[in-house]
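> One-letter residues, chain by chain:
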Amino acid sequence: NAGVTQTPKFQVLKTGQSMTLQCAQDMNHEYMSWYRQDPGMGLRLIHYSVGAGITDQGEVPNGYNVSRSTTEDFPLRLLSAAPSQTSVYFCASSYSISLEAFFGQGTRLTVV
Amino acid sequence: GESVGLHLPTLSVQEGDNSIINCAYSNSASDYFIWYKQESGKGPQFIIDIRSNMDKRQGQRVTVLLNKTVKHLSLQIAATQPGDSAVYFCAENMPYNNNDMRFGAGTRLTVKP
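Going down the list, the protein sequences come from chains A and B. Residues in the first sequence are numbered from 4 upward in steps of one, following the working numbering. Residues in the second sequence are numbered from 219 upward in steps of one, following the working numbering.
Result set (SDA-like, lysine to any residue): computed pairs, CA atoms no more than 25 Å apart in a straight line: (1) Lys260(B) <-> Val91(A); (2) Lys260(B) <-> Thr23(A); (3) Lys260(B) <-> Gly61(A); (4) Lys260(B) <-> Gln108(A); (5) Lys12(A) <-> Ser258(B); (6) Lys289(B) <-> Ile100(A); (7) Lys260(B) <-> His32(A); (8) Lys274(B) <-> Phe105(A); (9) Lys289(B) <-> Arg47(A); (10) Lys260(B) <-> Thr74(A); (11) Lys289(B) <-> Gly43(A); (12) Lys260(B) <-> Tyr98(A); (13) Lys289(B) <-> Glu103(A); (14) Lys260(B) <-> Met22(A); (15) Lys260(B) <-> Met44(A); (16) Lys260(B) <-> Arg47(A); (17) Lys260(B) <-> Leu81(A); (18) Lys17(A) <-> Pro86(A); (19) Lys260(B) <-> Asn31(A); (20) Lys260(B) <-> Glu62(A); (21) Lys12(A) <-> Gln263(B); (22) Lys260(B) <-> Arg111(A); (23) Lys12(A) <-> Glu257(B); (24) Lys260(B) <-> Gln25(A); (25) Lys260(B) <-> Leu102(A); (26) Lys274(B) <-> Glu103(A); (27) Lys260(B) <-> Gly43(A).
Just so you have them, the derived chain B footprint on chain A, three or more residues with Cβ under 8 Å: (28) 33-44; (29) 47-53; (30) 57-69; (31) 88-101; (32) 106-113.
The set of hints was computed from the structure by calculation and includes no laboratory data. C-beta: ideal position from N, C-alpha, C; glycine also.
Put together the whole structure using the sequences plus the hints.
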């Protein structure tokens with residue numbers, strides 16, 4: 004049982020480039036979410052999904068897009084990377100929006 | 219705005235001592251709280267949760283206390299071990315914001331041998 008799998012683990016982008024952070028879970032969880040973690044600021048919710056075909060914005064959604072075509076996958080897209088998006092990104096899944104979340108190992112993204 | 223916060227950003231304890239990590243919350247409507255542990259280079263890991271209809275909940279070597287009167291949450295770790303060294307986050311649900319979880323900034327616990 005792999006849990007929540009994120010790829011890649013590390014990524015360096017140039018300003019203006021686009022990329023997709025992948026997230027997959029094998030626990031059949033309906034709820035999935037993306038957070039970013041910056042020093043001294045804890046985890047902040049970017050986008051979340053309560054099920055396939057349903058997504059919504061979190062606390063800091065600007066500059067990010069998501070889609071949820073299957074229960075298992077929840078990719079996060081950066082359309083035009085900016086240095087302010089340098090951060091560690093975590094994907095999480097849970098049975099419900101307000102229950103224990105299972106986190107992936109994180110993606111460390113640097114935008115230069 | 220309302221936010222989850224922590225009193226102590228860093229905490230250093232001797233191995234074998236008890237640790238207490240504190241968290242203040244300001245959203246009086248929050249009714250569910252979680253403590254997470256994050257080791258270096260890893261994602262947060264669930265430790266224990268508590269609902270607002272309780273004021274204490276115990277797990278294995280950990281106890282969470284909730285004081286709704288002063289909006290305070292604490293995590294007590296008994297007989298702290300080197301493996302407990304990590305950053306600890308409290309999180310509260312946001313009932314008036316889609317019920318998503320909001321995280322505090324975290325407290326770094328260092329256990330000295």
